[in-house]
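**Q** Residue numbers (our numbering), protein chains in the order written: chain V, 3 to 267; chain R, 177 to 617.
If you're looking for bench data, these hints aren't it; they were derived computationally from the structure.
The beta carbon of each residue, even a glycine, is placed where N, CA and C say it ideally should be.
There could be a bad hint or two in this list.
Derived lysine to aspartate or glutamate pairs resembling DMTMM-like cross-links, with alpha carbons at most 25 angstroms apart [as the list claims (entries may be wrong)]:
| id | chain 1 | residue 1 | chain 2 | residue 2 |
| --- | --- | --- | --- | --- |
| 1 | R | 487 | V | 152 |
| 2 | R | 487 | V | 148 |
| 3 | R | 361 | V | 152 |
| 4 | R | 577 | R | 246 |
| 5 | R | 361 | R | 447 |
Reference excerpt, derived from the structure (chain R facing chain V, CB under 7 angstroms, subset only) [to be verified]:
| id | residue |
| --- | --- |
| 6 | 354 |
| 7 | 446 |
| 8 | 450 |
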Amino acid sequence: MLRALITVFYIVGAVFSVAGFYRPRRLISATVVTAVSWGLLTFYLIHLGLAAAELPVTSFGTWLAVLVWIIAGMALMVVWVFGGQYRALSGFLLPVGAVFWLADLGVADGVQRMPLSGWLPLHIVAATLAVVALLLAAIFGLMYTEKERELRKKSVEVFYYRLPALQVMDRWSSRLAGLGLGLWLIALAAGALSARQLARPPMGPLAAGWSLFTAVMYGLYFMMRSAFGWRGRPAAVMLMVLFLVVLINFLTLNLHWIVASSFHF
Amino acid sequence: MGGGAVKLQVIGINHVTAPVSIREQAGMSSEEIMAGYRTLAGLHSDGGVAVLSTCNRTEFYVAGAATLADVLTWWEQWSGVERGQLSEYLYWLQDDQAIDHLFRVAAGVDSMIIGEPEILGQVKTAYQLAQDGGVAGVLHRVFQTALRVGKRARTETAVSQNALSMGHVVVELVERVFGQVSGLKVLILGAGDMAGLVARHIHSAGVSGIQIVNRTPSRGQSLAKEVGGKAYGLHDLDGLLAQADVIIAATKSPEILVTEQVARKAFRESEHRLRFFFDLSVPRNIDSGVRRSGREVFVYDIDDVRSVVEKNQAERRREADAVDRIVREEVVQLREALSATDIGPLIRGLRDRAEEIRVAELSRVMTRLNHLDDEERDLIEQATRLMINKILNDPMVSMRKWAARGDHERVDMVVDLFHLRPEVEAKTRAIIAEPRLGSSG
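The shape of chain V in the complex, shown without the other chains:
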């Protein structure tokens, strides 16, 4: 019942936030509905944590719920703290969060108790925050390409009016990618140390290898920026593609590992 309520409120919030591009006053409704869904999600996560006497990140399903909780929280924070043209960010962020939540409904597996000891908590926290930062970087990239497309077509419509300046979005995407890469490297290091303790990588060798590949690809992005002066559309498109690489890591390889090993996280 609670999950159904969260689903309804979250999706309505996402729909209203997209409608906010066309009718900015819809953003008020979007914020209220999203705040309700965020509150329900908080309650749900607390309930899961108390039921298992453990942080609700010890299974892939609950980890996704936490990720959605952070995304909704970020969307609310952006609206309340930054406001202005940054409010439009929620119109991109919440639909992505909604997709994650629907994915979570598909893979929900409750809380499988697993001792969060050694380096594993740091690995999980750093990886989660890295995913959020890299998601935001990709979304700024997407926003850039949308606004740039309107300007290039010389037909200014909704994104011209609602989104921040191109150069500002380019800067934010680069900063967030830098932050995300830093956190990713911490997660990699913590994962490697954790693998020593567990005598295997936390999510299997394939995911570990792909994580390293992801880090190298983001490194390549920064090299292109600094060495070849990449800015604007090419850099924005690259960030979007790179986030797909991250998604492959989390939504495909991790799931593969869960199924293949019948081991939950």
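Once you have looked at the hints, place chain R on chain V.
**A** For chain R alone, kept in the frame of chain V given last:
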């Protein structure tokens, strides 16, 4: 005195109803308005008056027992324009309609350019003059609310955002591409009127060190001095191009000044850098192929800039709906505040009854007058509305006087006489039965 116990009306002309030849005659300067306030002290004795006179409108806001004829007489004396000249351009609105009108004016949605910022200052000035002349009276509260509506419209909606002139749109586009404009390198080709206009807009937006390139260096120097920039000759163009973020061409040169080849050469070292070209010249001075000279190069000619102006206008019109919601909300609030101690419900009930009859009878007649065109139908519509206003004007003035004197019997009689709606009747009876602060009854 209780604000709601007094009738409020606005009589005026504006850019929609009157041509400029009439508006310029009927308009009044601040000095003339103040002189009018001094010489016609009788005008404010039982309510208040404020005159709003701009290049697009002249309006008299009058609270009290004054009739339309009184106001027209005052206007005639003040402006020297005979009322016969004005009559066909006039509008006359009362009570809620007058408040609604003032709020819309203050919010900028009744202006020729929707959302223009100047009108709020002009409303403020009109109110200030009335205060200084000691004639604002009960209009104080109405104007204070109007100023609040104006501020709300501009802060809660985007009605004043999005530029509507070429110069402003250039700055707006630059801001929406680059964000902060202060550190940008701006290169302007030309030093004529358009170049000067854009240079001043860019400079006032916070750009310093604007580079002016002109065929005649002395003319360029004069503009460069004005905007704190530096002037160059045409031969310096290639070198300056590589460093520029924003390039604006506004010359009378019949030839292309920036070719694709020149741009490619200039941008070879930084092809990913954002650059914006504005070609405001006719014939164009920037080759359209320049957009291929870098990955993030935009080239907008004068038609492209104009299309942004049109989109901005449409965007403002859309926002006007949101402003209307604010206006309606504030009118209701003010009406409730003013009605709390008066016979507002009775007046409104009577007016609503008359309006219902007017609309019903008119629609019945109109179905049989299919041959009339829209203009003729509007004329009939206006004439019937004016008739109703004139018929009700004197009874309403009398009712307000009775209510102000605490003459409940007569007010009660009106309720019975016109069989007003039960809820209006109940509310009015309850209000007039209560003792009023400051009333003799």
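**Q** Does each hint hold? Answer for all of them.
**A** Results for each hint:
For the proposed pair residue 487 (chain R) and residue 152 (chain V), the alpha carbon gap of about 12 angstroms is at most 25 angstroms, so the pair holds. Taking the CA atoms of residue 487 (chain R) and residue 148 (chain V), the gap is near 17 angstroms; set against the 25 angstroms cutoff, the hint holds. Of the pairs offered as hints, the one joining residue 361 (chain R) and residue 152 (chain V) holds, with about 24 angstroms between alpha carbons and a cut-off of 25 angstroms not exceeded. For a cut-off of 25 angstroms, the pair hint linking residue 577 (chain R) to residue 246 (chain R) stands: about 18 angstroms separates their Cα positions.
Restraint check for residue 361 (chain R) and residue 447 (chain R): the C-alpha separation of about 16 angstroms stays at or below 25 angstroms, so the hint holds. Because the beta carbon of residue 354 (chain R) sits about 5 angstroms from the nearest beta carbon in chain V, less than 7 angstroms, this interface hint is met. Taking 7 angstroms as the C-beta contact cut-off toward chain V, the hint placing residue 446 (chain R) at the interface holds, the least distance being around 6 angstroms. Taking 7 angstroms as the C-beta contact cut-off toward chain V, the hint placing residue 450 (chain R) at the interface holds, the least distance being around 6 angstroms.
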